[in-house]
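Each chain, written out:
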Amino acid sequence: MEAVRPTAMRFQATLALGLAGLAVVVAAIALLSMTVGARAIPLDMVWAALTAFDPNSTDHRIIWDLRLPRTLIGLLVGAALGLSGAVLQGATRNPLADTSILGIHAGAAVFVVMGISLFGITRLSIYVWLAFLGAGVAMFVVYGIASMGREGATPVKLALVGAAMTAALTSIVSAVLLMSPTTFDQLRFWQVGSLAGRDMAVLVQVLPFLLAGIVLALATARMLDGLSLGEDVARSLGQNVAVSRAVASLAAVILAGSATAAAGPIAFVGLTVPHVARAITGPNYRWILPYSMLLAPILLLGADIIGRIVAPPGEVQVGIVTAAIGAPFFIALVRRRKLATL
Amino acid sequence: MTTLAEASGISAIRQSLAARRRRVTILLLAALLAAIAASLYLGDYPVAPDAIVRSLLSPLTGEINRGVDFIVLNVRLPRTTLAILTGVAFGLSGAIFQTLLRNPLASPDIIGISHGASAAAVICMLVFGITGLGVSMGALAGAMLTAFAIYALAWRGGVTPYRVVLVGIAIAAIMGAVISYLFTRARLQEAQEALAWLVGSLNAANLNDILPLAGALVVLVPATVYLVRSLDVLQLGDDAAIALGNRVEPTKLALIVVAVAHAAFATAAAGPVAFVAFVAGPIARALLAGAGGGFLQSALVGAIVMLGSDMVAQHALPATQLPVGVVTGIFGAGFLLWFLASANRQGRGG
Chain V
1 MEAVRPTAMR FQATLALGLA GLAVVVAAIA LLSMTVGARA IPLDMVWAAL TAFDPNSTDH
61 RIIWDLRLPR TLIGLLVGAA LGLSGAVLQG ATRNPLADTS ILGIHAGAAV FVVMGISLFG
121 ITRLSIYVWL AFLGAGVAMF VVYGIASMGR EGATPVKLAL VGAAMTAALT SIVSAVLLMS
181 PTTFDQLRFW QVGSLAGRDM AVLVQVLPFL LAGIVLALAT ARMLDGLSLG EDVARSLGQN
241 VAVSRAVASL AAVILAGSAT AAAGPIAFVG LTVPHVARAI TGPNYRWILP YSMLLAPILL
301 LGADIIGRIV APPGEVQVGI VTAAIGAPFF IALVRRRKLA TL
Chain U
1 MTTLAEASGI SAIRQSLAAR RRRVTILLLA ALLAAIAASL YLGDYPVAPD AIVRSLLSPL
61 TGEINRGVDF IVLNVRLPRT TLAILTGVAF GLSGAIFQTL LRNPLASPDI IGISHGASAA
121 AVICMLVFGI TGLGVSMGAL AGAMLTAFAI YALAWRGGVT PYRVVLVGIA IAAIMGAVIS
181 YLFTRARLQE AQEALAWLVG SLNAANLNDI LPLAGALVVL VPATVYLVRS LDVLQLGDDA
241 AIALGNRVEP TKLALIVVAV AHAAFATAAA GPVAFVAFVA GPIARALLAG AGGGFLQSAL
301 VGAIVMLGSD MVAQHALPAT QLPVGVVTGI FGAGFLLWFL ASANRQGRGG
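Protein chains in written order, with the working numbering: chain V, 1 to 342; chain U, 1 to 350.
Worth flagging that the hints you see were computed from the coordinates, not collected in a lab.
The reader is advised that the hints may include incorrect statements.
To be verified - Here are some of the chain U residues that sit facing chain V, going by a computed Cβ distance under 7 Å:
id : residue
1  : L105
2  : I110
3  : R156
4  : T160
5  : L166
6  : V167
7  : I174
8  : A177
9  : F183
10 : T184
11 : R187
12 : L188
13 : Q192
14 : A274
15 : V326
As the list claims (entries may be wrong) - To be clear about the criterion: a stretch of chain V counts as covered by chain U if any three or more of its residues have a C-beta under 8 Å from a C-beta of chain U, and this derived list gives those stretches:
id : region
16 : 56 to 70
17 : 316 to 322
From the three backbone atoms N, C-alpha and C, an ideal C-beta is built for every residue, glycine too.
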């Protein structure tokens with residue numbers, strides 16, 4: 001014990017140091033995100049815009065109207081996706097759990113489409129509420145169907161029910177889109193998943209949900225550690241398994257719902273990041289959660305920056321770039337034998 | 001004496017199962033015939049049943065009645081034929097995948113093959129500006145390539161159903177991203193046309209769609225019948241199949257190739273019509289209730305679903321013709337949820 005304790009403490013100190021290092025990287029990539037784009041703005045100009053705003057300067061207005069909201073939304077949506085993935089994987093003890101796999105995106109899309117076509121809604125700020133509602137409904141239906149039966153929500157059942165639900169909802173969306181070209185014109189840009197064109201109002205709208213979700217998610221760490229021991233052990237340690245699952249799932253839905261609401265459906269960030277975090281920290285959710293929360297914005301903002309410069313003069317939306325990076329990672333994960341042991 | 005009694009008991013069960021199989025098959029054939037008759041009869045332009053029959057026989061009798069012949073032979077007959085052929089192909093493809101991967105959800109429209117065909121077709125339309133037959137060829141190639149990629153990526157000293165399904169889902173996501181990206185890049189008009197193809201439709205059925213599919217089925221259906229015999233052994237699991245002297249991987253590969261080809265040719269002819277491949281197998285199995293078989297019945301169910309959905313699509317709304325994929329999609333969604341819920345309740349959902 002005497003020998004173990006200092007080693008364990010040193011490991012904890014290393015992890016804390018790593019977390020601080022990641023925070024620095026997040027700050028750096030946020031600054032990079034402020035400078036890179038169709039119009040490159042040097043760092044000192046960014047600083048000047050932030051500290052002494054001059055309404056007559058085009059660069060200053062770009063920073064305040066475009067780059068700053070985009071960067072902040074990228075940071076928050078990234079953190080939300082990373083956390084929701086980690087919490088969902090812990091709560092379901094399922095390494096494949098992710099918001100896109102579980103039909104949340106398709107649910108959000110159905111509600112947004114109905115809003116556009118039935119009520120003629122074209123404002124992003126109302127899409128936010130619709131997407132939020134749709135995500136919640138879809139998630140609970142998928143989880144509910146998959147957890148019926150003796151074994152509960154096994155990885156394969158969840159993945160298949162989610163994929164099937166996604167396919168079913170998608171064909172309903174297609175039906176509406178076919179009959180209404182104007183709806184299609186709106187939706188095709190929302191559906192791809194993007195950080196562009198969101199202003200501060202969108203951020204303000206989802207901010208309370210994002211913050212509440214982040215706090216709730218971080219608070220579930222102890223419950224997730226308990227669940228990861230197995231239901232029986234968790235129960236014998238005095239934990240209420242059903243309540244823990246419900247609280248964690250709620251946190252995941254709030255986070256994924258508001259992330260999808262703010263940026264559209266972005267695939268695979270929530271799936272891949274927790275696995276990277278777990279590889280660094282080991283199985284302790286008190287470290288996995290904060291690591292996921294910092295690693296995901298790095299991936300998301302990084303992908304967004306890549307998308308801005310890869311195809312000038314246009315942009316590739318962040319949802320495309322994350323799918324291009326995330327799906328191969330997912331396949332590599334599936335090919336690893338120890339996949340199901342979480 | 002007891003063994004004799006037992007033996008006669010077993011053979012009695014066998015006979016009753018065979019009788020059930022026959023009953024189900026006859027029932028499905030009757031339903032298909034009724035659907036064909038309805039499909040030829042229903043339409044905006046009323047044609048009397050005897051005129052329809054005379055028109056169908058006109059190539060033999062030489063009797064000519066221009067107006068009726070055009071409606072029956074050039075409009076309704078191609079559409080009905082294409083519905084049957086695509087239904088059979090989708091039904092067989094889904095049934096093979098579901099049996100081979102031992103999972104009722106593992107149909108080509110869930111595990112990425114339809115997505116591959118769709119992405120290829122959308123690339124043809126929106127990037128290269130190809131229309132018509134070229135799109136079908138692209139879809140065919142896309143389905144084949146995607147299936148090969150899924151199989152190769154799921155290979156790790158053999159393939160397991162689990163890996164195939166999950167790799168397929170990942171591939172489906174990549175293909176979905178490609179499609180969404182191209183949609184944002186295209187002009188609305190062109191993107192809308194591509195979307196119409198993606199939903200799947202029989203609205204412009206003609207010989208150019210029918211002939212390649214019919215030709216493919218002439219080869220594929222016998223191949224399916226031949227390979228399906230070994231499938232019953234594979235169902236027991238790889239180890240048992242090997243012990244019984246089956247060369248597992250080559251058989252699996254051949255079956256996958258045939259199932260992919262079914263889906264690919266049907267998709268090329270009518271677009272990736274949602275859920276037909278998915279629902280045909282489970283409906284057939286539910287009707288058979290453990291009486292064995294299932295492939296012939298799945299093919300029949302596929303054809304009936306396709307024909308029935310297309311009739312709803314044509315006549316549900318008075319002024320517009322819906323694409324058939326919308327009807328199969330909505331019908332499929334309801335069936336899917338009911339099916340998953342009941343399967344999971346019985347503890348055999350996966």
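List in ascending order the numbers of the hints, as given earlier, that are violated by the structure. 4, 11 and 16
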